[in-house]
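A.B. asks: If you're matching them up, the sequences are chains A, B, C, D, E, F, G and H in order. Quick note: the first sequence, position 70, residue 70 per full-length UniProt numbering, numbers continuous. Quick note: the second sequence, position 54, residue 54 per full-length UniProt numbering, numbers continuous. Quick note: the third sequence, position 65, residue 65 per full-length UniProt numbering, numbers continuous. Quick note: the fourth sequence, position 96, residue 96 per full-length UniProt numbering, numbers continuous. Quick note: the fifth sequence, position 78, residue 78 per full-length UniProt numbering, numbers continuous. Quick note: the sixth sequence, position 151, residue 151 per full-length UniProt numbering, numbers continuous. Quick note: the seventh sequence, position 31, residue 31 per full-length UniProt numbering, numbers continuous. Quick note: the eighth sequence, position 41, residue 41 per full-length UniProt numbering, numbers continuous.
It is worth saying that the hints were derived from the structure and are not from the lab. Hints should not be assumed to be uniformly reliable.
Derived lysine-lysine pairs resembling DSSO-like cross-links, with alpha carbons at most 30 Å apart [stated by the list, open to error]:
| # | chain 1 | residue 1 | chain 2 | residue 2 |
| --- | --- | --- | --- | --- |
| 1 | H | 94 | E | 94 |
| 2 | E | 143 | H | 165 |
| 3 | G | 158 | F | 94 |
Quick caveat, the model's predicted, so the values are computed rather than measured.
Protein chains: 8
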Amino acid sequence: MTEQQPRVGVIMGSDSDWPVMEAATAALDEFGVPYEVRVVSAHRTPHGMLSYADSAAGRGLQAIIAGAGGAAHLPGMVASATPLPVIGVPVPLKHLDGMDSLLSIVQMPAGIPVATVSVAGARNAGLLAVRILAAADPDLRAKMEAFQVDLERMVAQKDANLRYKLTHPE
Amino acid sequence: MTEQQPRVGVIMGSDSDWPVMEAATAALDEFGVPYEVRVVSAHRTPHGMLSYADSAAGRGLQAIIAGAGGAAHLPGMVASATPLPVIGVPVPLKHLDGMDSLLSIVQMPAGIPVATVSVAGARNAGLLAVRILAAADPDLRAKMEAFQVDLERMVAQKDANLRYKLTHPE
Amino acid sequence: MTEQQPRVGVIMGSDSDWPVMEAATAALDEFGVPYEVRVVSAHRTPHGMLSYADSAAGRGLQAIIAGAGGAAHLPGMVASATPLPVIGVPVPLKHLDGMDSLLSIVQMPAGIPVATVSVAGARNAGLLAVRILAAADPDLRAKMEAFQVDLERMVAQKDANLRYKLTHPE
Amino acid sequence: MTEQQPRVGVIMGSDSDWPVMEAATAALDEFGVPYEVRVVSAHRTPHGMLSYADSAAGRGLQAIIAGAGGAAHLPGMVASATPLPVIGVPVPLKHLDGMDSLLSIVQMPAGIPVATVSVAGARNAGLLAVRILAAADPDLRAKMEAFQVDLERMVAQKDANLRYKLTHPE
Amino acid sequence: MTEQQPRVGVIMGSDSDWPVMEAATAALDEFGVPYEVRVVSAHRTPHGMLSYADSAAGRGLQAIIAGAGGAAHLPGMVASATPLPVIGVPVPLKHLDGMDSLLSIVQMPAGIPVATVSVAGARNAGLLAVRILAAADPDLRAKMEAFQVDLERMVAQKDANLRYKLTHPE
Amino acid sequence: MTEQQPRVGVIMGSDSDWPVMEAATAALDEFGVPYEVRVVSAHRTPHGMLSYADSAAGRGLQAIIAGAGGAAHLPGMVASATPLPVIGVPVPLKHLDGMDSLLSIVQMPAGIPVATVSVAGARNAGLLAVRILAAADPDLRAKMEAFQVDLERMVAQKDANLRYKLTHPE
Amino acid sequence: MTEQQPRVGVIMGSDSDWPVMEAATAALDEFGVPYEVRVVSAHRTPHGMLSYADSAAGRGLQAIIAGAGGAAHLPGMVASATPLPVIGVPVPLKHLDGMDSLLSIVQMPAGIPVATVSVAGARNAGLLAVRILAAADPDLRAKMEAFQVDLERMVAQKDANLRYKLTHPE
Amino acid sequence: MTEQQPRVGVIMGSDSDWPVMEAATAALDEFGVPYEVRVVSAHRTPHGMLSYADSAAGRGLQAIIAGAGGAAHLPGMVASATPLPVIGVPVPLKHLDGMDSLLSIVQMPAGIPVATVSVAGARNAGLLAVRILAAADPDLRAKMEAFQVDLERMVAQKDANLRYKLTHPE
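Given the sequences, and given the hints that come with them, work out the whole structure.
C.D. replies: What follows is the structure, encoded as structure tokens:
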């Protein structure tokens, strides 16, 4: 959580989602994007959830990342009450391996989109928020391009390491 | 729709759900249970949806039947803002055959239950509402018992017909 | 299990279901709803199961919670022989993660509804039974409303805790 | 349906299952195995269903074929009240393509087996009943062996036809 | 494995299936049904597998229980080369939780039935073999009826124990 | 397709995807967002696809909408070679009902996000692109807010129509 | 079917699979690869199927394409009795949309591989056979490279057509 | 990894796939087939991945084995840029048990085949590569035939061991 005016809201239905959702904030930190973190539940705090969504754009947020599991209604409900792009993270529960979370988030009816990432894919949710902000922010876009070059370098390093290991058995 | 004070609210996210949901009202009609029908969308009218849920018990409703498809949030969101029993009907969309609707409705987190029926099972939603009201209404329970005897009779009739047909080939 | 005349029957096919089903009775306890607990198997005691269902309403029960796993027939079979609302809890077995249990319970044919909750969702089954009884019991409804306010408070507390933790790193 | 003492009971939850289940009786007819056909519903006639199962062995039946769809409880419930081998046919309903029917029939708990065939596989249910009777009936087994030789011949004929067609384009 | 002329063949594709399949032989032992156990692989010993199936009836077997996992071809292939009833046990592998095994066994084409039991349901496979033999063996049928009475008793005992435990907290 | 400098690229693997993808462009038209439409195939034109992605940001695009079916690689591959936000539309093919398309698009590895919408959800892809552009464009955001108010009005109208119809039977 | 010594065997369990499998032979024809077509059933002609597989390599075949549906055993069983590469085509049946066929073919145990293509993907099976032969046949590889260039051209043409159509409304 | 000119490329998206993919190289080692191992990522090194595919045939490779998980694009993308046969290994990730990986690899569009093996089936991928090379290499084919005889022997040994163990209880 950062002191600056947050540009991204990272919300989840329960603090038990934090171990999954933390990776979204780590990605935002890497890019220096200020954010806020909130526990907001569609089912346990329906009015509070709508208030959060209603006020998000006015408070300066530019994107919202929402994680939820099972009958996961938080991303879609927040999207219904904000004009901001909302990114949904399907949090896997103990049963059904996140398939219920995924379908509950991605299968939104026409009119109200949710940008869905993979099951437990909070890191990618953070990176998607960066790309969204970068669409109108050349500096951030340059950082994203540099990040992608780093990914290439990391793969090249892993490739070299694996080949070294295979040709130099202990 | 009946003139009497409605005891059951039958709601759906879109009038395109009516062909599926109509069977719920037909069941209520058979038992003489007054009801109201409303189009209420979790995603397109989030505030209206919460208002409906907030006021339902105070207006004399005793149960709510909510049908929705895809990322089906209506039953769960209504359940979050009313103490009434909420019955969810998974409406199948063009793709995924209702599996997304079913999981989005039934996999509610602990604290907020939704009484889920089968994919497109609106008739059973109506009958479940009757059973719920009948839990404290001996007359209605007697009607339900008579209805179940009728089901038995119908099966006996079908059994006789099929056996007649098989032994009397044209 | 309570000394008072039970209003809810909590049944399961095997005592191995008890660790899942216990949460239903805990919820009933929280609301002071008297209940009975029974091991009743559709497949191993078919006649005993029907007797239980036949006599349930006459003995003063107002709702039945039935848990079963795999080819889970207990909730549907009990519903076929009682006019009471029956709540089905899909108990997950070792394989298939409860998907078989869920479909075996929720996909009931028209005529015989089962109010299905989530996989292993016994707590919600208890809360749904409370809502059903509360439909005709203002005191119980007030308790449910208070319970829902408590849920909101809990989320607010978790929200505050998480924000504190994030802004006060050790 | 045959005049002789039936050896196989072919039952289904509704006469709407007959178009699927008819193929079971056709297979029995091909092998000259006498059978009876009944509409028996686990959910609409629970007591009648148990009576049917209780009396089946005593009336001279040696196997039961039961077809059902959705939350398909008929095969398993009949198996619970008879010592006879019970063959289950998953009848596909309008939604979920028979996957619910299949899981509801095949995933029986230890103690009560149901011999499950493929979705809509009523012909194979009939053939399985023949194999079961043939286990102690050399004449019937010889017929089954002849039937299997015929299958081979049919494939050889189809093979020849397809090769002829491909080498003799019109 | 018994010294007597075996009436049931219990086969599996690999000795790694034995921990699952052992329960089939335990059930046969309880009913005093003699059986043989063999490792026979459809994929690794295709000719040996067909020889086994070809000779099974002639050697006095009356039913075959075949367990296999993944693309599980053993039950269906054996059924193609014997007139005996073949019972298939879907053995779950490390991935997909037995769903592949189940579909590979149960979805047999018309002409060649396999009596499929639940994922890892080897005990029920043994009990199904007993029911099949009992179809023409009054003594064995009496044992099966007694077994079913025992199941009822066991449930009654579990019911009593659970109720005792709940009313006598430590 | 518009004469202005396009801000969004709408691409698809084949012109057979156009009937699904057209809805994305209709949504962009409603909001006056200029876009380009291209057939670009990950599998049939891999180098052309990478060139498209490489050059997209430099040519002034701010978001890309990519539709594909089956083993749907287009959205993910484009995302790998551009820093722009990429929106993936799972196009359903003849078999598997779009589930393969959905999983192939949404389950991206950490590092390369794709904003996935529902099966065949091209209209929402268009609306999501609008929200993304609107994150830094107050005028567009105002339009999106107006659009959401219109959705509410439409639901209110449908609600009134259905209630009128139900109370005024012909 | 060609007069030359066939290099590829195209087999299927029933002539009803021909409408799907024909596309494999069309692909082979495009590349001038000689092939034979046979109806060979794992379940109805198990011995004939093994003979076919046993003799395939000796007769000069270099690859086998096998199509089958449901509990699809043909590809795996043929692979068990030949050292040739076997390509499996999951043929979709009336129910389950080919998912059963796919899993029955692809999930082969270690030791016996089947090269599986998409549901109903017979054209790709033909193209895969060409690639396999081309691995040691420079002329055929050159044809495959030319074919891939043609694919690129076709996409470019479709791209141009779609753009023309969109900019030249009638 | 071998000093000889490699005939097979074994590639994977990340070194974390190595524990699964290692089995492919073990199989190649058993048959003395030289190979190379590379970490090549479709998503993190898209240009490097295409370069690898473009140059593979020219460098003397005759087949490529590619493993990937989740939205697994590596096998299909490599197949799009090489005329060589490409074998895809679905690597299971933490969620969804490899079903996403399988569908992302096997459901390739017409034109670009990928020879898919089972979830985590890297050993079979290696064996399939051997069969592909053996299609034009009599020595390698003889080795594959010997390998298949060994499989038969192993099963015979396991069969003998299990029977010994069952008849000689400790």
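A.B. asks: So, for every hint listed, does it hold in this structure?
C.D. replies: Quick rundown of the hints versus the structure:
1. Distance restraint check for residue 94 of chain H and residue 94 of chain E: the Cα-Cα separation of roughly 13 Å lies within the 30 Å cut-off, and the hinted pair is therefore satisfied.
2. Restraint check: the Cα-Cα separation between residue 143 of chain E and residue 165 of chain H comes to about 29 Å, which is no more than 30 Å; the hinted pair holds.
3. Between residue 158 of chain G and residue 94 of chain F the CA atoms are separated by roughly 21 Å; this keeps the pair inside 30 Å, and the hint holds.
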